[in-house]
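Visitor: Sequence:
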Amino acid sequence: MVIFLVPAFLFMGLFLYYPFVMNVYNSFCSIDGLGTAAAGMNQPWYENYKKLFQDPMMATAVKNTLLLMVLTIIFQVGVALLLALMVDHIRAGTQFFRTVYFFPIVISATALGLLFNLIFLYDGGMVNQLLQMLGSTEVIDWKDETHFLFTMTLPVMWQYVGFYFVILVTGLNNISEELYEAAEIDGAGKLQQVRYITLPLLHNVLCTCLILAITGALKVFDLPWVMMGEGIPMNLSWLTGTYMYHQTFTMGDVDYGSTIAIVIVVLGVVIAQAANKIFREKDY
Numbered sequence: 150m151v152i153f154l155v156p157a158f159l160f161m162g163l164f165l166y167y168p169f170v171m172n173v174y175n176s177f178c179s180i181d182g183l184g185t186a187a188a189g190m191n192q193p194w195y196e197n198y199k200k201l202f203q204d205p206m207m208a209t210a211v212k213n214t215l216l217l218m219v220l221t222i223i224f225q226v227g228v229a230l231l232l233a234l235m236v237d238h239i240r241a242g243t244q245f246f247r248t249v250y251f252f253p254i255v256i257s258a259t260a261l262g263l264l265f266n267l268i269f270l271y272d273g274g275m276v277n278q279l280l281q282m283l284g285s286t287e288v289i290d291w292k293d294e295t296h297f298l299f300t301m302t303l304p305v306m307w308q309y310v311g312f313y314f315v316i317l318v319t320g321l322n323n324i325s326e327e328l329y330e331a332a333e334i335d336g337a338g339k340l341q342q343v344r345y346i347t348l349p350l351l352h353n354v355l356c357t358c359l360i361l362a363i364t365g366a367l368k369v370f371d372l373p374w375v376m377m378g379e380g381i382p383m384n385l386s387w388l389t390g391t392y393m394y395h396q397t398f399t400m401g402d403v404d405y406g407s408t409i410a411i412v413i414v415v416l417g418v419v420i421a422q423a424a425n426k427i428f429r430e431k432d433y
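Take 150 as the starting number for the sequence shown in the numbering used here and just add one per residue.
One thing to keep in mind: the hints can contain errors.
Claimed, not checked - Each pair of labels, with its calculated beta carbon distance range:
(1) 326 x 246: 18 to 26 Å
(2) 170 x 276: 41 to 49 Å
(3) 187 x 254: 35 to 43 Å
(4) 344 x 187: 22 to 30 Å
(5) 158 x 187: 24 to 32 Å
(6) 425 x 151: 28 to 36 Å
(7) 370 x 195: 37 to 45 Å
(8) 280 x 185: 43 to 51 Å
(9) 425 x 315: 19 to 27 Å
(10) 170 x 267: 37 to 45 Å
(11) 254 x 216: 20 to 28 Å
What the hints assert, rightly or not - With a straight-line cut-off of 20 Å between C-alpha atoms, the simulated SDA-like cross-links for lysine to any residue are:
(12) 426 x 245
(13) 368 x 178
(14) 200 x 178
(15) 368 x 259
None of these hints come from the bench; they were simulated from the model. None of the values given here were measured: they were computed from a predicted structure. In this text, a Cβ means the ideal position worked out from N, Cα and C, and glycines have one as well.
Turn these sequences into a full structure, and let the hints steer you where they fit.
Guide: Right, dumping it as structure tokens:
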């Protein structure tokens, strides 16, 4: 009955659609700080959107976010697929590996950020200590202009590999063993079985993982913020999510933060539609 859908629609309207509409409205207004009412429309009304194209840090944030998407496809989904294939072909210890690979996703991102901050600490961090034990005399600042991208993206890649690993393993479990047995009888090796049986039948699951990874990269915030707060070094490490938070909560520029949020939504919709067309699912 329709009446049972009313609470869900009310909930979505109150906590999803109304905030989104207000966010669009706020992007055209002048708001000086959190909790303050709008002082009226900007003059001109598109001032914040004009500012977007003149803001070098916003350009950096978009560039880093798009780069993170590419790295997510290669290292999150790619590594997850490799691990899933390896675990699917072993007989002993399968449950142990599933637990170990999935474990990072259940840990608080803030805790992981603090952990990796200690690992990459400039003076006395674990990585620098290991390098010194191996004979290196150089103390590397892992958050400098040369290394910041590696330092920021590695924890994000590591944390979410387990998420896609579980999805891919579930997809592998749905492939009938009889297909592999028939292929083995016909003389197909393990690599041939993966190429001609596993990957084609895993196509739809892979498409889902790729779309989730691409859209998820737009929303990454917690780990990069804890590790590279305030865009260090020299405003080079901004992502769209961290820059929006910085403008809204640190700078108090609520209307500009709302504008960045709109950009994130638009990018998400456009990229998701493009990804759906590129990674189109197949009917079997």
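Visitor: Cβ-Cβ distance between residue 158 and residue 187: within 24 to 32 Å?
Guide: 28 Å, holds
Visitor: If I claimed the Cβ atoms of residue 187 and residue 254 lie 35 to 43 Å apart, would that claim hold in this structure?
Guide: 39 Å, holds
Visitor: Look at the Cβ atoms of residue 425 and residue 151 and judge whether their distance stays inside 28 to 36 Å.
Guide: 30 Å, holds
Visitor: With 37 to 45 Å as the target window, see if residue 370 and residue 195 comply at their CB atoms.
Guide: Violated: the Cβ-Cβ distance is about 27 Å, outside 37 to 45 Å.
Visitor: Starting from the range 20 to 28 Å, see whether the pair residue 254 and residue 216 falls in it by beta-carbon distance.
Guide: 22 Å, holds
Visitor: Within 22 to 30 Å: is that where the Cβ-Cβ distance between residue 344 and residue 187 falls?
Guide: Given range 22 to 30 Å: violated, Cβ gap about 59 Å.
Visitor: Are the Cα atoms of residue 368 and residue 259 separated by 20 Å or less?
Guide: 15 Å, holds
Visitor: Assuming the hint says 43 to 51 Å, is it satisfied by the Cβ distance from residue 280 to residue 185 or not?
Guide: 50 Å, holds
Visitor: With 37 to 45 Å as the target window, see if residue 170 and residue 267 comply at their CB atoms.
Guide: 43 Å, holds
Visitor: Assess, step by step, whether the Cα of residue 368 is no farther than 20 Å from the Cα of residue 178, and give holds or violated.
Guide: Given that 20 Å is the threshold and the Cα spacing comes to 24 Å, the pair is violated.
Visitor: Would the pair residue 200 and residue 178 pass a check requiring their Cα atoms to be no farther apart than 20 Å?
Guide: 13 Å, holds
Visitor: Within 20 Å, alpha carbon to alpha carbon, are residue 426 and residue 245?
Guide: 37 Å, violated
In terms of the numbered hints stated before, the structure departs from hints 4, 7, 12 and 13, listed from lowest to highest.
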